[in-house]
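From these two lone chains plus the hints, build me the complex, please.
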Amino acid sequence: ETGVTQSPTHLIKTRGQQVTLRCSSQSGHNTVSWYQQALGQGPQFIFQYYREEENGRGNFPPRFSGLQFPNYSSELNVNALELDDSALYLCASRAGTGGPYEQYFGPGTRLTVT
Amino acid sequence: DQQVKQNSPSLSVQEGRISILNCDYTNSMFDYFLWYKKYPAEGPTFLISISSIKDKNEDGRFTVFLNKSAKHLSLHIVPSQPGDSAVYFCAASDGGSRLTFGEGTQLTVNP
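Just so you know, the protein sequences line up as chains A and B, in that order.
Residue 133 in the numbering used here is what sits at position 113 of the first sequence, and the numbering runs on without skipping anything.
Residue 65 in the numbering used here is what sits at position 21 of the second sequence, and the numbering runs on without skipping anything.
Since the hints were made in silico from the structure, they are not lab data.
From a predicted model like this one, the values you see are computed outputs, not experimental measurements.
Backbone N, C-alpha and C fix where the C-beta goes; we use that ideal spot for every residue, glycine too.
Please note that a few of the clues may not be correct.
Label pairs and their calculated CB-CB ranges [claimed, not checked]:
| # | chain 1 | residue 1 | chain 2 | residue 2 | range |
| --- | --- | --- | --- | --- | --- |
| 1 | B | Q125 | A | L59 | 40 to 50 angstroms |
| 2 | A | E72 | B | I64 | 36 to 46 angstroms |
| 3 | B | D103 | A | T25 | 24 to 34 angstroms |
Output of the computed footprint for chain A on chain B, the stretches with three or more beta carbons under 8 angstroms from beta carbons of chain A [claimed, not checked]:
| # | region |
| --- | --- |
| 4 | 82-95 |
| 5 | 129-143 |
From the derived model, a few chain A residues whose C-beta atoms are all more than 10 angstroms from chain B [claimed, not checked]:
| # | residue |
| --- | --- |
| 6 | I32 |
| 7 | E74 |
| 8 | P90 |
| 9 | E95 |
| 10 | N99 |
So here's chain B without its partners, still in its complex pose (with noise of 0.2 angstroms):
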């Protein structure tokens, strides 16, 4: 049972646009979000989280979207960079600490 998915294995953008990175998830007891980057022989990164009492979350050229009706929630990230390529892993908590990853999605950003 996956309760936390990623649909897109894969995304290349150009740089300078956006790039949109879609999760969905089952679980109704989730209530915190996170988003990891992951590069080649490094363990995950924490980029950006929200809370499920937010709909949206920016840090710099990063915002993360939520709605919890639909249970899916976006990263967003702009302007993209080639340093941004990466594979990025959705990950949800039900209030402990432990996580629930997707599966992931490379991103690609071309120069």
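The following block holds chain A by itself, in its conformation from the complex (with noise of 0.2 angstroms):
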């Protein structure tokens, strides 16, 4: 059974903000990943956290930056909104690093930047 919960549900911000998304990890899981996923595509991989440590990145801008807390909840932060950030934000949980084995994934928060 998943447990992954984020919030908000939804989002409407206006370019140029700043917007944090929150995720709430399975328990026992330390390692949560966040994805990008636009209109018509699949998700994209922004970066993942292990034990509170950033260890793995894709190919998003440095205006994108994540915290991961003690308790394993994580925060994903976008700065200086842009139109083309609207997008599904989903993070996935899972226990441990090395594998890409089964990753939970929450429902995702749908951020529309006006």
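In structure tokens:
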């Protein structure tokens, strides 16, 4: 049973603003990854955190940043929002590092930038 | 550069028939492949996976086939059920936990 939750469900921001999205990992999972899913596309890897350290990053600019807390909850921060940042943002958690084994995804946060 | 491609945006099949979803990849470093299913307003759900050392993996109604020489994999669902209607994503990994996804295929199973 998955237990990954994300908040908020939906969010509308204006270009140039900053946004913080939150993720609560499934119990016992110490690795969290964030993905961006644009309309009509598959999810794209943003970055991964393991034990509060970033340990992998996709092709996203530095204005995308993250945090992982001791309780393994996580945040995705995006500064200087652009229209193209409008997307569904997914977090995924799993236990440990190493293989790409089953990651449990949250329902996502739908971000609209106007 | 789209390293994982699902060329069929949609697929419609009759209940009870076989559904075949296809996926192609270009990166030879990929060694682990997964299929995810996604319903609206939900996150992707892991369905089945296959390691590059195998050419077939089966789990109930779901079977994934891998053809490494062709850099092609497919997901077979038999028999298809209306509850299988969802978007299916193919994903690949080069050994780490980072997944590269295809664009997805919307499967519709008609009663």
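Do the hints match the structure? See the list:
{"no.": "1", "hint": "B/Q125 / A/L59: 40 to 50 angstroms", "result": "violated, 28 angstroms"}
{"no.": "2", "hint": "A/E72 / B/I64: 36 to 46 angstroms", "result": "holds, 43 angstroms"}
{"no.": "3", "hint": "B/D103 / A/T25: 24 to 34 angstroms", "result": "holds, 27 angstroms"}
{"no.": "4", "hint": "82-95", "result": "holds (count 7)"}
{"no.": "5", "hint": "129-143", "result": "holds (count 8)"}
{"no.": "6", "hint": "I32", "result": "holds, 17 angstroms"}
{"no.": "7", "hint": "E74", "result": "holds, 12 angstroms"}
{"no.": "8", "hint": "P90", "result": "holds, 20 angstroms"}
{"no.": "9", "hint": "E95", "result": "holds, 17 angstroms"}
{"no.": "10", "hint": "N99", "result": "holds, 23 angstroms"}
The structure fails to meet hint 1 from the earlier list, while all remaining hints are met.
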